[in-house]
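This is what each chain is made of:
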Amino acid sequence: MDARSKLIDLAAFLDRVQRAGQEGDFRVKALKEAIGCLDGADPGRAREVLLRFSDLTTEPIERATIQGAVGAVAI
Amino acid sequence: MVSRTTDDYERMAMAGCVAICEPAFWAGFDRASAQGFYDYFRQITEYEPKRAAKFGIEHYCWLCINPKEAEDLKLAEEVIGLIPEFLQKPGVLGIGEIGLNKNSRNELAIFERHLQVAQDHGQLVLVHTPHLEDKLKGTRLIVDALKGFSGIDPGRVIIDHVEEHTIDAVLDAGFWAGITLYPESKCTPHRAIDMLEQRQAERIWMNSACDWGVSDPLAVPKTMRAMRQRGWDAAAVERVVWENPKAFMGQNPRFTVA
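First to last, the protein sequences are chains Z and B.
According to the working numbering, the first sequence is numbered sequentially starting from 6.
According to the working numbering, the second sequence is numbered sequentially starting from 171.
Derived by calculation from the structure, the hints in this document are not laboratory data.
Quick reminder that beta carbons are idealized off the backbone N, C-alpha and C, glycines included.
Among the hints, a few may not be true.
[Stated by the list, open to error] Pairs of lysine-lysine residues, derived as PhoX-like cross-links and limited to a Cα-Cα distance of at most 25 Å, are as follows: (1) K416/B with K392/B; (2) K37/Z with K356/B; (3) K356/B with K238/B; (4) K11/Z with K34/Z; (5) K259/B with K416/B; (6) K356/B with K11/Z; (7) K356/B with K34/Z; (8) K317/B with K238/B; (9) K259/B with K224/B; (10) K224/B with K356/B; (11) K392/B with K11/Z; (12) K392/B with K356/B.
[Unchecked claim] Quick list of simulated restraints, FRET-style, between CB atoms: (13) L12/Z with A202/B: 44 to 52 Å; (14) K11/Z with Q370/B: 21 to 29 Å; (15) L56/Z with G401/B: 24 to 32 Å; (16) T62/Z with E372/B: 26 to 34 Å; (17) K34/Z with R400/B: 33 to 41 Å; (18) H291/B with E38/Z: 43 to 51 Å; (19) R52/Z with A202/B: 23 to 31 Å; (20) E38/Z with A396/B: 28 to 36 Å; (21) A185/B with D20/Z: 22 to 30 Å; (22) K11/Z with P423/B: 25 to 33 Å; (23) M184/B with R68/Z: 25 to 33 Å; (24) G325/B with T63/Z: 21 to 29 Å.
[To be verified] Residues from chain B that keep clear of chain Z, each with C-beta distances beyond 10 Å, as calculated: (25) R174; (26) S203; (27) K224; (28) G226; (29) A240; (30) R275; (31) P300; (32) I322; (33) P324; (34) D364; (35) D403.
Turn these sequences into a full structure, and let the hints guide you.
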């Protein structure tokens, strides 16, 4: 029941974003890509979802211009 | 715990908590001078232990300048210069929580300066990994940097806030791993237990985030309840929430919880 509730909440969130015309936000795009991982066959879905939201570059950035994180990588 | 009320100490005591360790962390704003850190180090080494003791809780702490404030290199160097004076205080366990926040070159430089202090003074190390999209890259940079310090035994380093995509890299390199429980954005009790079961609870501790954001000082006892509900026996629960933290922190003789 807990997972069902969370899935419905996620669906409602995407509906809300669409109604607000914000489907193009990079965070929403990352979210939708990550949702695709849920249909995988291997028991590593949580890891795969986290990877979809991760910065996969390897070099340090020159300087931090903000202190917080936003949840996905801006494309 | 400087960001928490005295009521939180009382609730933790009633839930069975007998000791806490508090990492030096961000004040919610960037401090203006090294003197501000000097006062802060006094607060967590002198006053907080007294506040915790009123509830029968032993208070330990870690010292550093948080990576969020590492872009000001001059300030960071001044603060790092203050640390040795405090390392012999009774409740100080080591250097932390150092690490990275946005994975910048300055953050990495200050992280390595802290590691040098830890190596020079034979201190335990508590490492903060970045949040959300920055965690994977930051964890990799941190592990690589640590490998450059041959005088620091990986078994004396705990890399905190691991999640499913970073825990293997941390444990496979010989470090301890910390799982931070948080009502929002970080790890839930069931995800933490999943990771513990996958890795047989080896070199892992769990902690409750107790900072300026929405956090729950009772997250560990609540996760203990979830562990029992999932069939963990009492000895297995005790290993994670008692024996493992004691084994790691007990490497510093100032940690005296029996």
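| field | Violated constraints from the hint list, given by number and in increasing order | value | 10, 19, 21, 22, 23, 29, 30, 31 and 34
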